[in-house]
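Chains as they are written, first to last, in our numbering: chain R, 1 to 189; chain G, 190 to 378; chain A, 379 to 621.
You may find that some hints are simply not true.
[What the hints assert, rightly or not] Below 20 Å or equal to it, Euclidean Cα-Cα: the simulated EDC-like pairs (lysine to aspartate or glutamate) are:
#1 R:Lys80 <-> R:Asp145
#2 G:Lys269 <-> A:Glu394
#3 A:Lys585 <-> A:Glu564
#4 R:Lys80 <-> A:Asp524
#5 A:Lys607 <-> A:Glu572
#6 G:Lys269 <-> A:Asp495
#7 G:Lys269 <-> A:Glu486
#8 R:Lys80 <-> A:Glu597
#9 A:Lys452 <-> A:Glu469
#10 A:Lys585 <-> A:Glu567
#11 A:Lys452 <-> A:Glu436
If you're looking for bench data, these hints aren't it; they were derived computationally from the structure.
Here is how the chains run, residue by residue.
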Amino acid sequence: MIDAYTRAVEAVLFAADGPLSIDAIRAHAGEGDVRAALVELTAHYAGRGIELVRRGERWHFQTAADLAHLLRRDREEQRKLSRAAIETLAIIAYHEPATRAEIEAIRGVQISAGTLDVLMAAGWVRPAGRREAPGRPLTFATTPDFLAHFGLASRRDLPGIDDLRAAGLLDPVDVAFEHSEVANRDENA
Amino acid sequence: MIDAYTRAVEAVLFAADGPLSIDAIRAHAGEGDVRAALVELTAHYAGRGIELVRRGERWHFQTAADLAHLLRRDREEQRKLSRAAIETLAIIAYHEPATRAEIEAIRGVQISAGTLDVLMAAGWVRPAGRREAPGRPLTFATTPDFLAHFGLASRRDLPGIDDLRAAGLLDPVDVAFEHSEVANRDENA
Amino acid sequence: MDEPGDTLTLDIDGWEGPLDLLLALARSQKVDLRQLSILQLVEQYLAFMERARALKLEIAADYLVMAAWLAFLKSALLLPHDPEVEPSPEELALRLQLRLERLNAMREAGARLMARDRMGRDVFRRAAPEGLQTVRQAAWQADLFDLIAAYGRVSARTRPVMHIVANRPVMTLETALERVSLLLGETIEWSAIEAFLPGGTDGAFRKSALASSFVAVLELARQGRAELKQQAPFAPLYLRRPA
Numbered sequence: 001m002i003d004a005y006t007r008a009v010e011a012v013l014f015a016a017d018g019p020l021s022i023d024a025i026r027a028h029a030g031e032g033d034v035r036a037a038l039v040e041l042t043a044h045y046a047g048r049g050i051e052l053v054r055r056g057e058r059w060h061f062q063t064a065a066d067l068a069h070l071l072r073r074d075r076e077e078q079r080k081l082s083r084a085a086i087e088t089l090a091i092i093a094y095h096e097p098a099t100r101a102e103i104e105a106i107r108g109v110q111i112s113a114g115t116l117d118v119l120m121a122a123g124w125v126r127p128a129g130r131r132e133a134p135g136r137p138l139t140f141a142t143t144p145d146f147l148a149h150f151g152l153a154s155r156r157d158l159p160g161i162d163d164l165r166a167a168g169l170l171d172p173v174d175v176a177f178e179h180s181e182v183a184n185r186d187e188n189a
Numbered sequence: 190m191i192d193a194y195t196r197a198v199e200a201v202l203f204a205a206d207g208p209l210s211i212d213a214i215r216a217h218a219g220e221g222d223v224r225a226a227l228v229e230l231t232a233h234y235a236g237r238g239i240e241l242v243r244r245g246e247r248w249h250f251q252t253a254a255d256l257a258h259l260l261r262r263d264r265e266e267q268r269k270l271s272r273a274a275i276e277t278l279a280i281i282a283y284h285e286p287a288t289r290a291e292i293e294a295i296r297g298v299q300i301s302a303g304t305l306d307v308l309m310a311a312g313w314v315r316p317a318g319r320r321e322a323p324g325r326p327l328t329f330a331t332t333p334d335f336l337a338h339f340g341l342a343s344r345r346d347l348p349g350i351d352d353l354r355a356a357g358l359l360d361p362v363d364v365a366f367e368h369s370e371v372a373n374r375d376e377n378a
Numbered sequence: 379m380d381e382p383g384d385t386l387t388l389d390i391d392g393w394e395g396p397l398d399l400l401l402a403l404a405r406s407q408k409v410d411l412r413q414l415s416i417l418q419l420v421e422q423y424l425a426f427m428e429r430a431r432a433l434k435l436e437i438a439a440d441y442l443v444m445a446a447w448l449a450f451l452k453s454a455l456l457l458p459h460d461p462e463v464e465p466s467p468e469e470l471a472l473r474l475q476l477r478l479e480r481l482n483a484m485r486e487a488g489a490r491l492m493a494r495d496r497m498g499r500d501v502f503r504r505a506a507p508e509g510l511q512t513v514r515q516a517a518w519q520a521d522l523f524d525l526i527a528a529y530g531r532v533s534a535r536t537r538p539v540m541h542i543v544a545n546r547p548v549m550t551l552e553t554a555l556e557r558v559s560l561l562l563g564e565t566i567e568w569s570a571i572e573a574f575l576p577g578g579t580d581g582a583f584r585k586s587a588l589a590s591s592f593v594a595v596l597e598l599a600r601q602g603r604a605e606l607k608q609q610a611p612f613a614p615l616y617l618r619r620p621a
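All chains should be built: construct the whole structure from the sequences, respecting the hints.
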């Protein structure tokens, strides 16, 4: 069984907000053989998830070094790209390499700071050098990961404008909506 | 020797800056029998200077209570709670969920503005939904931090709660009055 | 505050309401609250109030209300029992006793709670834990359809758009002014404005003609070349040449 003094030293070290010197330990735990208690505690904790370590002349408990990886955990969260992000990605894919100003000109709206960051964090867009034009703006292009994620062998597999028109994807939204309304009415008739 | 999973659970609990639920432990320690590890650790630390304790559905390491005299921090003695706050906390803890009117009925006096605020700011009391009764009054209940702060494994550990319940002292006066009426009638019969 | 009987401090501010004061007085009887003499308690409370009044202390209204109620209770308890009166004085006394028991129970529970080994005072967690971190990584979701639909959307939005305005049949204000002036020259009697519109027309052109003719009439009236009258809003509009 653990002796009373070792127990006190254990509690003092645990509650401390930093490594403690022998004197500091004694100031809390009272008179006793601090060194003997430290030896006993070091042996007791050897191989456990917690270890007692000495730093210079001071002592503290810490999480076992080989378990440090447990303290940090990565978690994946499925998230849908925002409308701004998917439009920006589409413009880059169709027009690459494209500068920020070109993307904004095509979208007709400014790109917020985070949008390109998100696409680069996702691994789908990369900086693709500077354009030799006034201001030497940075251009952006898609990555091999982009092709892989969207199941494309190459960018040439992206449907062209005529294909999009044939698919009704160039119609303004409200017109498309009316079409589907009509289709529904026909089905119901 | 300690097994690898128990060791991982020990390290995670030790590194945590607050009580952890079983799920939170598992999220860091990986798949395994967390409960078995907790049982083993609780037994291992029993009687040492550090203890593993359960507070609500969460677990944490803390110093042994009987060593308080070595560690007590007078300097940062918490602001003393007012008598009104202590009674209000007790009423909420023993009756939860409790409405403001119920608290006032027991204390025979209105709750002053700051009393519930102080308890909520301390993190011990939270709003707990509305009662489906006229006026839909808000109810209050205690928090997991309340259990952790007062060293309670669950509300069942509230001092004397079983005796109070058995004596009917947690019932409203009206209910208690009807009971005593019935008892008297039986005696007189 | 726990001083019993006569030495009870007369500090009204120290009490958390009349029930609190009653409980302190009840405890001074040094009996289990279940054996409490309510009559004696009433006497104690009324005596306390007397002394407070003698010392000219300011007493909050709820203490006085309680005093009045207890005085009533006392007389009811002492007088011969009237079975017609509901609730009976015994019931009122029992209810008061039950309330005191409940307040007392919670006061003791609070004290026991505060005396527990409290975190940060008696027991301690690690002051400097390494902490656990959860690093959230977003796995972005989008499929090929989202991508091409987005491009279609952008293209549709920014593609040059040609607006075609249909050629609608209208009567211009100039035409209307000319027509109405001409016709008005032949009109002495009040005539409805519809009589001034070109015959055999309907639909959009008629609406346009009516609107333009109305504005033309207003202009002619302003110039003193027409008079117009209407009985009520939306009633037929009549006009004629000024007499």
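Hints and how they fare:
At most 20 Å may separate the alpha-carbon atoms for a hinted pair to count; lysine 80 of chain R and aspartate 145 of chain R meet this at roughly 17 Å. A hinted pair counts as satisfied when its Cα atoms are at most 20 Å apart, and lysine 269 of chain G with glutamate 394 of chain A qualifies at roughly 17 Å. Restraint check for lysine 585 of chain A and glutamate 564 of chain A: the C-alpha separation of about 24 Å exceeds 20 Å, so the hint is violated. About 10 Å separates the Cα atoms of lysine 80 of chain R and aspartate 524 of chain A, which keeps this hinted pair within 20 Å; it holds.
Under the criterion of a C-alpha separation no larger than 20 Å, the hint pairing lysine 607 of chain A with glutamate 572 of chain A is consistent with the structure, at around 14 Å. Between the alpha carbons of lysine 269 of chain G and aspartate 495 of chain A the distance comes to roughly 15 Å, so the proposed pair stays at or under 20 Å and holds. With a C-alpha separation of about 17 Å, the suggested pair lysine 269 of chain G and glutamate 486 of chain A falls inside the 20 Å cut-off, and the hint holds. A threshold of 20 Å between alpha carbons decides the hint, and for lysine 80 of chain R with glutamate 597 of chain A the separation of about 63 Å lies outside it, so the pair is violated.
Taking the CA atoms of lysine 452 of chain A and glutamate 469 of chain A, the gap is near 13 Å; set against the 20 Å cutoff, the hint holds. Between lysine 585 of chain A and glutamate 567 of chain A the alpha-carbon distance is near 24 Å, which puts this suggested pair outside the 20 Å criterion. Among the hinted pairs, lysine 452 of chain A with glutamate 436 of chain A is inconsistent with the structure: their alpha-carbon atoms are about 24 Å apart, more than 20 Å.
Checked against the numbered hints above, the structure breaks hints 3, 8, 10 and 11 and satisfies the rest.
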